[in-house]
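Q: This is what each chain is made of:
There are 2 protein chains.
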Amino acid sequence: MKKIINDPATVVAEALHGLAVAHPERLRVTTDPAVIVRTDAPVAGKVAVISGGGSGHEPLHGGFVGSGMLDAACPGAVFTSPTPDQVQAAVTATDAGAGALLLVKNYTGDVLNFETAAELAEATGTPVRSVLIDDDVAVADSTFTAGRRGVGGTLLLEKIVGAAAERGTDLDGCARLAASVVAGVRSMGVALTAPTVPHVGEPSFTLGADEMEIGIGIHGEPGRARVPLEDADRLVARLVDAIVSDLPFVAGDRVILFTNSMGGTPLLELYLAHGIAERLLAERGIEVARRLVGPYVTSLEMQGMSLTLLRADDQLLDLWDAPVCTPALRWGM
Amino acid sequence: MKKIINDPATVVAEALHGLAVAHPERLRVTTDPAVIVRTDAPVAGKVAVISGGGSGHEPLHGGFVGSGMLDAACPGAVFTSPTPDQVQAAVTATDAGAGALLLVKNYTGDVLNFETAAELAEATGTPVRSVLIDDDVAVADSTFTAGRRGVGGTLLLEKIVGAAAERGTDLDGCARLAASVVAGVRSMGVALTAPTVPHVGEPSFTLGADEMEIGIGIHGEPGRARVPLEDADRLVARLVDAIVSDLPFVAGDRVILFTNSMGGTPLLELYLAHGIAERLLAERGIEVARRLVGPYVTSLEMQGMSLTLLRADDQLLDLWDAPVCTPALRWGM
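Protein sequence lines correspond, in order, to chains A and B.
Going by full-length UniProt numbering, the first residue of the first sequence is number 1, and it counts up by one from there.
Going by full-length UniProt numbering, the first residue of the second sequence is number 1, and it counts up by one from there.
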């Protein structure tokens, strides 16, 4: 295992320390339990927007803590759900009296632990609403999931709901908005190589030298098919076809297109793939109104990519454009 | 070779197309010769700041084209110098009468081709100044280089000089500023794995399963030593020691610390390493006044990292903080 670490047991804690010293003006990190909190939380009168999940997907979620996006993120062990006490501590640290919205990727452990935390927080008087994100069209059920998995769409959800909360939208309004984003967002990914979890020490799965996994999960869960390597045109067409036909997206739709690297795929290849995706969408009459390209929802050093499409009206585009100031996403301020 | 591409011969052109469609509000891409130009160039009265180099180091340089940083970038083939006609076309596209400053990484091919382009541009009446960046302390001479290589410090140079040019600093002032940045910046990197150049089809070098290359170049050029894998504390101490003792940086210095992923090293590990670097610098009495952490000066999918330190006075920090709006670096607007 080739990694820049000291001890698999302390990787997440040490990385969180590094995140904290790198971004002291935007976030602070508490330990025991581990929570990443924006420096100015709780923000008076504002709904607290909270997410979290296993570590190893950075910058998701900790890199999105800051003004205009998340109030707090709960980092679990690598590829492991955060515990209820982490989520409860996040609510306590950010509760400004307007309640908390939990954005939960659909994995069984996450769902259970966020649910437990929501009950604990409600019992202490904080109104809590939860929204599940399950944007991965690849498979109906998966290794760690009943129903569809939550993947790249999570970033779009966090940005848009974060912007609404920053503008003063109340808890019910934020929850409704989140549900509308979830209803209109779809993703699918592909892996060329497997990631290695530090405390496991060997690759999460085995792929032949000329194979790729279509519909991969962000923890290396199996996708739709293991197929021979193919060129970028065909590969991107596979992803676009699966995503577009699922919602379905239709001619005349305006979308936000998010072309995501799983970590190990370099920008040179990612931009190449992005150009193909834009062409294929234009051919279908789907208008790409905004785009994001980069490694944002990753799976450690896994080579691969995903595409995410969100059908977006003027309101969603306006919230997407709103100022954001986080370690990984920043504009307008 | 596992890559998301169509044909090794068209990778760069296709990636540039993707870059252009992803960022239409910030840059445009010309072909034949290939140049990435900020949309509003030439900017009246402004010195044109131009850089370039082989592709495969993205987001360097094309991702730094935009307001407050580069006016144009010249992307060569993968790991190959841009041609003189690319650089000349970049000067022509951005010349607003105030002259052009060429920021050149110290590789023999780049130096020659930028020099030829500078002569051609001067012959047509555009004043041109060139500044060499050679911040890599690892080795005195290298595979493609007489003298030291230009690596991560290039980003800091482009940001700071770009900010000065945006504020109206004249050509001589920009050149003096660039020279002062080059005088105060030092870097060193390490590789855990080798990158694969698309048109070569196999890894650029061979590293054993338990080996790493200390002082690696961004094209996989040999460094100081090939050593057994070691933990992050020792590895980061090696880099910090080499960099600090070179300038040398001393107690009381204020610095910008740039912790860079070579591409394949995930943020989890990079933040871990960054935290160690900050601690080691604090122990030496060196104040980290600003920091940047991420994959910015990469070597395709190579796993590894580099550290860059720039001694920074109030003027340099102010220029670092100045607004920038590029695909890969954005703040204050």
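Among the hints, erroneous ones may be present.
To be verified - Footprint (simulated), chain A over chain B, 3 or more residues, beta carbon under 8 angstroms:
{"no.": "1", "stretch": "28-34"}
{"no.": "2", "stretch": "41-55"}
{"no.": "3", "stretch": "81-93"}
{"no.": "4", "stretch": "145-156"}
{"no.": "5", "stretch": "222-232"}
{"no.": "6", "stretch": "266-275"}
Everything labelled a hint here was simulated from the structure, so no lab data went into it.
Keep in mind that this is a model prediction, so the values were computed, not measured.
Even for Gly, the Cβ is constructed at its ideal location relative to N, Cα and C.
Q: For a quick check of understanding: which of the numbered hints are violated here, in increasing order?
A: 1, 2, 3, 4
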